[in-house]
Amino acid sequence: MLWVDKYRPKTLDKVLVHQDIAQNLKKLVTEQDCPHLLFYGPSGSGKKTLIMALLRQMFGPSADKVKVENKNWKVDAGTRTIDVELTTLSSTHHVELNPSDAGFQDRYVVQEIIKEMAKNRPIDTKGKKGFKVLVLNEVDKLSREAQHSLRRTMEKYSASCRLILCCNSSSKVTEAVRSRCLNMRINAPREEEIANVLEFISKKEGLQLPSGFADRIAQQSNRSLRRAILSFETCRVQQYPFTVNQAIPPMDWEEYVSEIASSIFKEQSPKRLFEVRGKLYELLINCIPPEIILKRLLYELLKKLDSELKHEISHWAAYYEHRLRLGQKAIFHLEAFVAKFMSIYKGFLIETFG
Amino acid sequence: MAPVLQSSQPWVEKYRPKQVKDVAHQDEVVRVLTNTLETTNCPHMLFYGPPGTGKTTTALAIAHQLFGPELYKSRVLELNASDDRGINVVRTKIKNFAAVAVGSARQGGYPCPPYKIIILDEADSMTEDAQNALRRTMETYSKVTRFFFICNYISRIIEPLASRCAKFRFKPLTEEIMSNRILYICKEEGLNLDSEALSTLSSISQGDLRRAITYLQGAARLFGSSISSKDLISVSGVIPEEVMQALFSACRSGNFDVADKEVKNVIAEGYPVSQMLSQLYDVVVESEDLSDVQKAKICKKFAEADKCLVDGADEYLQLLDVASNIIRAISNMPQEFSFGS
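Keeping their order, the protein sequence lines are chains A and B. Quick note on my numbering: the first sequence kicks off at 666 and runs consecutively. Quick note on my numbering: the second sequence kicks off at 9 and runs consecutively.
For reference, chain B alone in the conformation it holds in the complex (with noise of 0.2 angstroms):
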């Protein structure tokens, strides 16, 4: 592949940290890390934790940190979702890779211990079957193979795999730690971002670093060097408040075609539903002056929606359906049906 301008990567990758001390935010991880590098010994580990928080960055820092440029190709194997991770890949090309035995040649300043690691990314949309190939494959190999298993959601890994490793859970990163690499970053670029608007990116990145510097580039591409609050949500897909209040208003109002002009209104405007749920959300447990009641009348359709969403129901049907039963709990019509058995 011919060089790649530095400008075209995206600035997830380009500030990527390359060692494992600059991962943020995750100070249990880092300090086993280090110790690894200093006597490089190292257990199967197991990363798991909510998006964004540097899980493969850290995987990948340990294995560079390991063995250095140069044999960085022959010792990690990195295996993800995009690759065919079937049962079949498990019994050839991982246990293939599992059963070289290396030696622990010094080279040119790196650690280079005698094994070699196999980087299982997203993990936890591997099949049970592939998982389950898995098991005997650490066991045998251990002496000269280490895995990393990354994942989202460590419930689906299965306990044999997960009583193998050791666990590490990758914590959000606070507004602050999250501030502080928004800031670096905007001194690298040159960018001027005010007060405002950093809170506002926190905030909406709920956590998720790479999804604060993804915005971040997006804005600053569409609306130059100097970036505003607003300019950040346009580019984030949050729905601005006026349309929420609006909503809200008209379900408020307890009229039914009010509220099915303002549901068609969000839908022509092209909002996604499901975030327009996660922030009325926010908005209905805010509220003063419901009771606790309709609130939890509310959140109970809320979650109705939600699960009918990620089955493919229409978008339109479901937001009417969630206002409709805000306008009955705030007007504090019957839940059940009068006619209809």
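In isolation and in its complexed conformation, chain A is listed as follows (with noise of 0.2 angstroms):
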């Protein structure tokens, strides 16, 4: 087992960071009644650790029992049926699934799934919870349309039903959904806060952890927790027991970004442009999303920048990612990116230098 999933607490009252947070929802399910509520926050940061623990502590252990399935829905759209697949993870308390896998059907996911969970009231004996909870996850990649017939179906069927949503920018999400929930911002752990957990963890495991090591790989983490636990990880197979300088192995794709960076200092022609291509193809290939080649590349470029150009390059790093987000495909932008910059920096260079 990874240490993330091992390591991952199970109860609101053993999270190691947003402590405040889990008191606040502990205390908001032990009452009776429990609003929607929409958790947002940064990846890494805990929002999916939360929402587990909240349904453990509403629902007890059996919300731990969960299955995955494969289920079917037909929908019946006017004239022809639609068929929706979509893979679910549920409980006897509660349904989780990612609406946005659905495409450009989502629409019909949420419609349906809710009112056919609203329809079948659990029958607790103990009584104690009169609803159910659907885990919705990445709310923000759900069409508008989609999002606009959660709006009435939140209050429709709010006797049975509760909804926790998860998203990582609220700003995607609309207004209408965002002011029937409860929101939670879950923000990215601090370096410190990180470092805690590392040493947590190092206990756990029993490891010498030299002073700080844990400190240097928080910082190379982005603030973002699950990736510091699995770095550690790797670091442990690579070597142990730990040496105080030991080098932290950066993701493969940083690496590589990196090198693209710097192959654009060298030298901007047509000819370096087709090298680069081919690199960008390399990542995009291995899944990396483009959004986030762009931004890694922006990073690198701007650490080697005049102060002078930083505005400029970032202004057409923020028009392109619009642009790659709006159009089809990733690599005429990316390599657009790369062809502005070397435009800008030759005439930089070409003013400068003569």
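These are computed hints drawn from the structure, not numbers from a lab. For every residue, glycine included, the Cβ atom is placed at its ideal position computed from N, Cα and C. It cannot be assumed that every hint is accurate.
[What the hints assert, rightly or not] Label-pair distances were calculated between CB atoms; the ranges are: (1) A/Glu840 x B/Asp297: 31 to 39 angstroms; (2) A/Phe939 x B/Asp297: 43 to 51 angstroms; (3) A/Glu840 x B/Ile185: 18 to 26 angstroms; (4) B/Ser211 x A/Glu940: 54 to 62 angstroms; (5) A/Asp729 x B/Asp319: 34 to 42 angstroms; (6) A/Lys944 x B/Lys238: 48 to 56 angstroms; (7) A/Glu803 x B/Glu167: 31 to 39 angstroms; (8) A/Thr752 x B/Ser339: 51 to 59 angstroms; (9) A/Asp880 x B/Asn263: 22 to 30 angstroms; (10) B/Ile162 x A/Pro935: 47 to 55 angstroms.
[As the list claims (entries may be wrong)] Calculated from the model, a selection of chain A residues having no Cβ within reach of chain B, i.e. all distances over 10 angstroms: (11) Arg673; (12) Asp748; (13) Val749; (14) Thr753; (15) Ser765; (16) Asp766; (17) Glu781; (18) Glu810; (19) Ala841; (20) Asn861; (21) Phe865; (22) Gly871; (23) Leu874; (24) Leu938.
Using the hints, put the two standalone chains together into the complex.
Right, dumping it as structure tokens:
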């Protein structure tokens, strides 16, 4: 078992970061009613962990017994029936799903599933909770129609069904949905907090941790706890006992992007652009999302630039990332950004050095 | 469905006005509708206005008051965006429902006029085709059916439909009315709200009563019965003043790297950038040491970034671009770039 899963806190009492939020959540569910919840925050900040712990707090250990199902829904949409297939994760008390997987048919998923759940109210003999919970992941990727259809559904079935929504940025969730939920902002853990967690894990694993080592991992992790734990485990596999200045291996793709950046700095020509294109393709093939490549590339480029140029480059990065979202094929926009950068940089070099 | 426990209902539902006359602040509508209740004469209606001003509440209340609980099911059809409302539904379901003639049987003290009501909630999300298909239906069956359209944006309702209806604009609630309602709920729920928290609540909810009540309930659940304004800010997702000032003063410093660091921090803390933009806008407009030209330049960028965010662009890059624009505007650097053409 990976450490990330092994040391995932199971209950609200055991969480190490976001203790205040966990306590608030606990207070929230010990009283009978619980509003709809919207969790948002950057990835690796612990949204999912908190949600799982919350469910456990609500329903006891039976919430842990989940089964993965591939469900088929037949939705009657006027003239034709639409088949929607979706993987769900469910226990007796909750269903978890990723409605945006259904692509443009996500609206039907949202409408049908919630209605279906609301119809079958749980018959709990202990009679403690009169509602089921539906966890929806990545609501920010839901289409506008799907979010619209969430609005009234949330009110209508509020008696028998609670929604827990989870997303990265609440900007992309419509105001109407946000105003119906209790918003929980989950911030990324600070570096000290990450270091604390790493120390906790090493104690549990019985490892010797040289001072400062955990801090260095935390610094490299971009404030993502998941990433920090993963790279900590990688270090453990590579070399143990740890030495004080053991290198923390960066992610492969990050190294690759920094190579791209330095090769762009060395030469600005169509020939070099062609080479860069090949490298970008390589990254895309390995399923690195294009916007992450672009952001990382910007980061690498900004490191070495004059402040005068930084404004310009960051503007174009934003511009091409927007284009990339609207367009179909990522490589065009990535390459356009690289070409733009080359032209700007060359112009700058000619101006300063003649 | 099993009976619902009163306590497990959101307050928004619990305190939804049951009668038209209880609807706050929308005097014209209330006057027309009370008149309707007496004469049982009612035109097609179109309610529009920002969220949380009582549109749905009013429509539901009038329907309940006209027909009473017994006839309600058979006389009122409520459709909203969660139901499929494509052109097919308009052609079959709505038309069939509209076509049925009904008598005026006075029952149990309710007026029960001889027509049915179809409430189309969130009508602005209906397709244009579906709206067009409604036109003739509305006229043909106008004897036995009244339509209530509810929407946020009247511009998304096609003109032929709008011209067939009596239009009512729902105004955002004033702070005073909102405070009254909130205080009433506080009293009912046994909450303790000081005046500072009350004014914070009205300012962060911006005239949207539903939002105010949701925040209130959230804060009450999280922090117990005495609520301070800080608690309200933390549940509402409004960005605290310190964070705004930190970003803005980083921009004032004129150093790109300082601003970049602050932007990264904002993103890592998980603050929504769209919210950030609207709050930054307030800061920029109110700041006295910026010239009008500088403000204009910055605000132009806000508009662009907002559009990009709606399109789904990355939050970090957009905010960084905005920050870079603010730096350039404040330190009077040229907005045009010197190298890229």
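Here is what the structure says about each hint:
Taken as a hint, the range 31 to 39 angstroms holds for the pair glutamate 840 of chain A and aspartate 297 of chain B, whose Cβ atoms sit roughly 32 angstroms apart. The hinted window of 43 to 51 angstroms between phenylalanine 939 of chain A and aspartate 297 of chain B holds, with their beta carbons roughly 50 angstroms apart. For the pair glutamate 840 of chain A and isoleucine 185 of chain B, the supplied restraint of 18 to 26 angstroms holds, since their beta-carbon distance comes to about 21 angstroms. One distance hint, 54 to 62 angstroms for the beta-carbon pair serine 211 of chain B and glutamate 940 of chain A, holds here, with the actual separation near 56 angstroms.
Taking 34 to 42 angstroms as the suggested C-beta distance range, the pair aspartate 729 of chain A and aspartate 319 of chain B conforms, at roughly 40 angstroms. As the Cβ distance of lysine 944 of chain A to lysine 238 of chain B is approximately 49 angstroms, the hint placing it in 48 to 56 angstroms holds. Between glutamate 803 of chain A and glutamate 167 of chain B the beta carbons are some 38 angstroms apart, a value that agrees with the proposed interval 31 to 39 angstroms. A hinted range of 51 to 59 angstroms holds for the C-beta pair threonine 752 of chain A and serine 339 of chain B, which are about 52 angstroms apart.
For the pair aspartate 880 of chain A and asparagine 263 of chain B, the beta carbons lie near 26 angstroms from each other, so the given range of 22 to 30 angstroms is met. As the Cβ distance of isoleucine 162 of chain B to proline 935 of chain A is approximately 53 angstroms, the hint placing it in 47 to 55 angstroms holds. Arginine 673 of chain A, annotated as away from the interface, keeps every beta carbon of chain B farther than 10 angstroms; the closest lies near 20 angstroms. Annotated as non-interface, aspartate 748 of chain A keeps its C-beta farther than 10 angstroms from every C-beta of chain B; the closest such distance is 16 angstroms.
At roughly 14 angstroms from the closest C-beta of chain B, the C-beta of valine 749 of chain A stays outside 10 angstroms, upholding its exclusion from the interface. Distance check on threonine 753 of chain A: its Cβ is at least 20 angstroms (rounded) from any Cβ of chain B, clearing the 10 angstroms threshold; non-interface status holds. For serine 765 of chain A, the requirement that its beta carbon stay farther than 10 angstroms from each beta carbon of chain B is met, with the minimum near 12 angstroms. With a closest Cβ-Cβ approach of about 17 angstroms to chain B, aspartate 766 of chain A is found to remain outside the 10 angstroms limit, as its non-interface label requires.
Glutamate 781 of chain A, annotated as away from the interface, keeps every beta carbon of chain B farther than 10 angstroms; the closest lies near 13 angstroms. The Cβ of glutamate 810 of chain A sits about 7 angstroms from the closest Cβ of chain B, inside the 10 angstroms cut-off, so the non-interface label is violated. The Cβ of alanine 841 of chain A does not lie farther than 10 angstroms from every Cβ of chain B; its closest approach is about 6 angstroms, which violates its non-interface assignment. Under the 10 angstroms C-beta cut-off, the non-interface status given to asparagine 861 of chain A relative to chain B holds; the minimum distance is some 17 angstroms.
With a minimum CB-CB distance of about 21 angstroms to chain B, phenylalanine 865 of chain A clears the 10 angstroms threshold, and the non-interface call stands. With a cut of 10 angstroms on Cβ distances, glycine 871 of chain A stays outside the contact zone with chain B, its closest approach being about 32 angstroms. No Cβ of chain B approaches the Cβ of leucine 874 of chain A within 10 angstroms, the least distance being about 25 angstroms, so the stated non-interface status holds. With 10 angstroms as the threshold on Cβ separation, the claim that leucine 938 of chain A sits away from chain B holds: the shortest Cβ distance comes to roughly 15 angstroms.
Going down the numbered hints, you'll see the structure goes against 18, 19, while the others check out.
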